[in-house]
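Asks: Sequence:
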Amino acid sequence: MRRRRGLFVVLEGPDKSGKSTQAGLLVKALRARGLRVVHTREPGGTVFAEAVRSLLLDPSHKIHPTAELLLYEAARAQHTEDLLRPALAAGKTVVCERYTTATLAYQGFGRGLPSPLIRTLNRIATGGLAPDLCVVLDVPDSAFRARDPNRAHDRVERAGGAFRRRVRAGYRALARREPRTTLIDGTRPQAEVHARILAAVDRVRRA
Numbered sequence: 065m066r067r068r069r070g071l072f073v074v075l076e077g078p079d080k081s082g083k084s085t086q087a088g089l090l091v092k093a094l095r096a097r098g099l100r101v102v103h104t105r106e107p108g109g110t111v112f113a114e115a116v117r118s119l120l121l122d123p124s125h126k127i128h129p130t131a132e133l134l135l136y137e138a139a140r141a142q143h144t145e146d147l148l149r150p151a152l153a154a155g156k157t158v159v160c161e162r163y164t165t166a167t168l169a170y171q172g173f174g175r176g177l178p179s180p181l182i183r184t185l186n187r188i189a190t191g192g193l194a195p196d197l198c199v200v201l202d203v204p205d206s207a208f209r210a211r212d213p214n215r216a217h218d219r220v221e222r223a224g225g226a227f228r229r230r231v232r233a234g235y236r237a238l239a240r241r242e243p244r245t246t247l248i249d250g251t252r253p254q255a256e257v258h259a260r261i262l263a264a265v266d267r268v269r270r271a
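In the numbering used here, each residue carries its 1-based index in the sequence shown increased by 64.
Source of the hints: derived by calculation from the structure; they are not laboratory data. Among the hints, erroneous ones may be present.
Claimed, not checked - Here are the simulated DMTMM-like cross-link-like pairs (lysine to aspartate or glutamate), alpha carbons at most 20 Å apart as the crow flies:
1) K92 - E256
2) K156 - D266
3) K156 - E145
4) K126 - E114
5) K156 - D196
6) K92 - D205
7) K126 - D218
8) K92 - D266
9) K156 - D146
10) K126 - E221
All chains should be built: construct the whole structure from the sequences, respecting the hints.
Replies: Here it is in structure tokens:
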């Protein structure tokens, strides 16, 4: 049966997992095949959502976990309606860095907010839009300390090692039970990780 809309691919993973690098490689590979590809991110992707992103990541702000969750969902709602749905309806392939699984990992496992609450808000913000494939890049906390050691950290990155380990454990747990989600070892060579992601995308495209 022919796909009625474009393909929606999400790349997930803890900070410094190589997610942005791999998203860029995937977008380049898919465009080389002649596909129309939209590369976006969460929070972000629209003027409003990028403004919310700046607020969320500003280390000068102290944000309550519930307020943080609501801000992420507000950005997501705007991103979904303004960018994701129109692109997919036009038959384009969307590669998005982070989506709803990130909220379950960071605000659920990381911040300790109830998973049912997060799932409800995810569903409201997205209107039920789910990715065709979610790739989770798995890296240990040591990767965070090793990559870009001189770069200034944003508010979330400053949350500490215990927080990052909870987030990683959350991603690993979610990868085992969430539909259309696959876990890939992000510590492998960059080219190998890219090949595995591309193979996973090709399997979904053929389905």
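Asks: Would you mind marking each hint as holding or not holding in the structure?
Replies: Tested hints:
{"no.": "1", "hint": "K92 - E256", "result": "holds, 16 Å"}
{"no.": "2", "hint": "K156 - D266", "result": "holds, 15 Å"}
{"no.": "3", "hint": "K156 - E145", "result": "holds, 15 Å"}
{"no.": "4", "hint": "K126 - E114", "result": "holds, 19 Å"}
{"no.": "5", "hint": "K156 - D196", "result": "holds, 13 Å"}
{"no.": "6", "hint": "K92 - D205", "result": "violated, 28 Å"}
{"no.": "7", "hint": "K126 - D218", "result": "holds, 12 Å"}
{"no.": "8", "hint": "K92 - D266", "result": "holds, 15 Å"}
{"no.": "9", "hint": "K156 - D146", "result": "holds, 14 Å"}
{"no.": "10", "hint": "K126 - E221", "result": "holds, 13 Å"}
Violated hint: 6 only; the structure is consistent with all others.
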